[in-house]
Amino acid sequence: MDMTKLKQLDSSRWTTEAGADNVLLYGSRDLLESMDDKVLEQITNVSQLPGRVGPAMTMPDAHWGYGFPIGGVAAFDPAQGGIVSAGGVGYDISCGIRFLRTNLRWKDIEASAWSLSGELFQHIPAGVGEEGEVRLSDDELDEMLRGGARWALDRGFGTAEDLEYVEETGTMPGAKPEFVSDMAKRRQRGQMGTLGSGNHYLEVQMVDRVFDRATADAWEVREGQVCIAIHCGSRGLGHQIGSDYLLSMAKAASRLGITLPDRELACAPIESKEGQEYLGAMAAGVNCALANRQILTHLTREVFARTFPGATIETLYDVSHNTCKREVHVVGGIERTLYIHRKGATRALGPGHPALPVPYRATGQPVVIGGSMGTGSYLLAGTPESEERAFSSASHGAGRSVSRRAALKRWRGRQLVDELREAGIIIRTKSMRGVAEEAPDAYKDVDSVARATEHAGLARRVAVLRPKVCVKG
Amino acid sequence: MGSEPASEKFDYFEHDADIGVIGRGATPEQAMEEAARAMFLLMALPSGPEPTKKVEVAFEEEDPEFAFVTWLNGVLAECRTQHIFPTTFSLRHNGSRWTGEAEGEPWDNALEQGVEVKGATLTGLSLAQVDDQWEARCVVDV
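Chains P and C are the protein sequences, given in the same order. First residue of the first sequence? That's -2 in the working numbering, and the numbers climb one at a time after it. First residue of the second sequence? That's 255 in the working numbering, and the numbers climb one at a time after it.
I should point out that these hints are in silico values taken from the structure, not numbers from a laboratory. Mixed in with the good hints there might be a few duds.
[To be verified] No farther apart than 30 Å at their CA atoms in a straight line, the calculated lysine-lysine pairs in the DSSO-like style are these:
1) P:406 x P:35
2) P:35 x C:263
3) P:4 x P:35
4) P:35 x P:2
5) C:263 x C:307
6) P:406 x C:263
[As the list claims (entries may be wrong)] With the C-beta cut set under 8 Å, the calculated list includes, among others, these residues of chain P facing chain C:
7) 179
8) 183
9) 193
10) 195
[Stated by the list, open to error] If you want the footprint, here are the derived chain C segments under chain P, 3+ residues with CB under 8 Å:
11) 268 to 274
12) 367 to 380
As the structure is a prediction and not an experimental result, all values here were calculated from the model. For every residue, glycine included, the Cβ atom is placed at its ideal position computed from N, Cα and C.
Here chain P stands alone, though its shape is the one from the complex:
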């Protein structure tokens, strides 16, 4: 990024000539220098959308996205003509991470790692064209879109305890399947309980180091423990909802009196017919993602139960990072109901928030920064400061630093798989191209992102985990 266009506010906050009330970028100098100029262009465009409250912000892992930068956060007030943007949610609606803890220690199961990886690869549908075994009728699909993870639980996937630790307790309210196109529903029929491909994965990880002992104890997270991260979203259905509404909002913009700085920022007033229909469809997409991760959690448990009889797997938290949520925030000392867009950014509620499960009210919400398959992932906790600084938002991943095309030219999938195996990381994949595109060095340094997130007060580090087995799509 061209740093001459930025003004440094302090060691972790930057703005532009537009001022900190309009544009705010979080991160270290190194992280911002490594970002594409498009990030600045995109967040500046976001700041020009109607009804914005507080600055349009980027998290420390930001990179070039669609209209909104990935790692973008912006709040809008319906009472001030605020908008909802399909581009501000993203195509993979409610893409997120289900983070699971086990009662296993890595040193006790390491000898079985290869067979475990094979069982997971066989049992978890992943990759291009892979379909799941869950087939839904039209009515069942609508029920799933209304019920989310709770629907999956009622179908026998997972445990009741899981839902307490899923955002919205597993069901996003306001879902309107009638506003989801037939094509979106058709695309999802064979995709329930599938990982997909690209940057999605199921990873078996080991807790490498604890930074915040008290919080880790409260979350029952200990060094050497085996944990599991499932990263995926709403699959074909979510993308089709995004595509459908992006086009319809782009066409409606001039009629609705909205001047778009970028077509990909297509949006509609929250209170408009178009805005309400999108929000109903988007909530259905969120429920699809929550149901999908609930099914994948169940499939993972089945594998572990066969491989390690007596193993227990509990949901630590399930957090989405492509959403628009209706939330109450205090702005200028006044409580306001706002629509918070988090595009490639995770919610990070601080201690005491009423939306948190009771066991996390003292610690703050678990936040997951997913790293690359060769580096590591972080568990963090939401902070009180994040509410005031970023509407309780934080980084969601390492963020790409090398494009997919460039990665493909620079690395070979087979070689990476072999090198990672030497380093003690087993990769299972059907696509060597996918491995090359997802090469560890194609991502920013996840340690830097986690440190910058903590330094900015957005979330505090609790533990870092190292990948051991990665099932890639």
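Based on the hints, put chain C in the right spot on chain P.
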């Protein structure tokens, strides 16, 4: 699939998180057909048999650039739901009425796997004459 198969008729361009596709042809429709080919070749490589299965796409769209995105998303959705990996494409329009077809082979796991394209986006979207031919381009989400 260790590299991108490009030709004079289709190519790719940079995007941080995803991939841009480019189709070229003597007409806008041909450029859109070649962009569809570029998109599908990101996902798999055909195994070679003559096309045996066909999908059809039809839609109304006045804006040619939006028609391009709608074509890509339509043919992608139809091929995915009908399990067809397409190798030939044809697109026509009469005013705002667009109709297209894609023919190919059954899409099974034996095809060499690339990366899953979830859909076409408005990012980097353009349909324009470049020198003596038409060029259609946009970023696809993977």
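Min Cβ distance, residue 183 of chain P to chain C: is it shorter than 8 Å?
holds (5 Å)
Just to be careful, I want the Cα atoms of residue 35 of chain P and residue 263 of chain C compared with a cutoff of 30 Å; is the pair within it?
holds (28 Å)
Against chain C, is residue 195 of chain P within 8 Å by beta-carbon distance?
holds (5 Å)
Let me know if the C-beta of residue 193 of chain P comes in closer than 8 Å to any C-beta of chain C, holds or violated.
At about 6 Å, which falls below the 8 Å cut-off, the nearest Cβ of chain C leaves the hint on residue 193 of chain P intact, so it holds.
Within a Cα-Cα threshold of 30 Å, do residue 35 of chain P and residue 2 of chain P meet the stated pairing?
Measuring from Cα to Cα gives roughly 12 Å; hence the hint holds.
With a cut-off of 30 Å on the C-alpha distance, tell me whether residue 406 of chain P and residue 263 of chain C pass.
holds (21 Å)
30 Å limit on alpha-carbon distance, applied to hinted pair residue 406 of chain P and residue 35 of chain P
holds (22 Å)
Coverage assertion for the segment 367 to 380 of chain C with respect to chain P, Cβ distance below 8 Å, three residues required
Held - the segment 367 to 380 of chain C has 11 residues with a Cβ nearer than 8 Å to chain P, which meets the minimum of three.
Please verify whether residue 263 of chain C and residue 307 of chain C have alpha carbons no more than 30 Å apart.
holds (24 Å)
Hint validity - residue 179 of chain P Cβ closer than 8 Å to any chain C Cβ:
violated (10 Å)
Within 8 Å of chain P (C-beta), three or more residues of the segment 268 to 274 of chain C
holds (count 6)
Decide if the proposed pair is consistent with the structure: residue 4 of chain P and residue 35 of chain P, CA atoms, cutoff 30 Å inclusive.
holds (17 Å)
Going through the hint list in order, the structure does not satisfy hint 7, though it satisfies all others.
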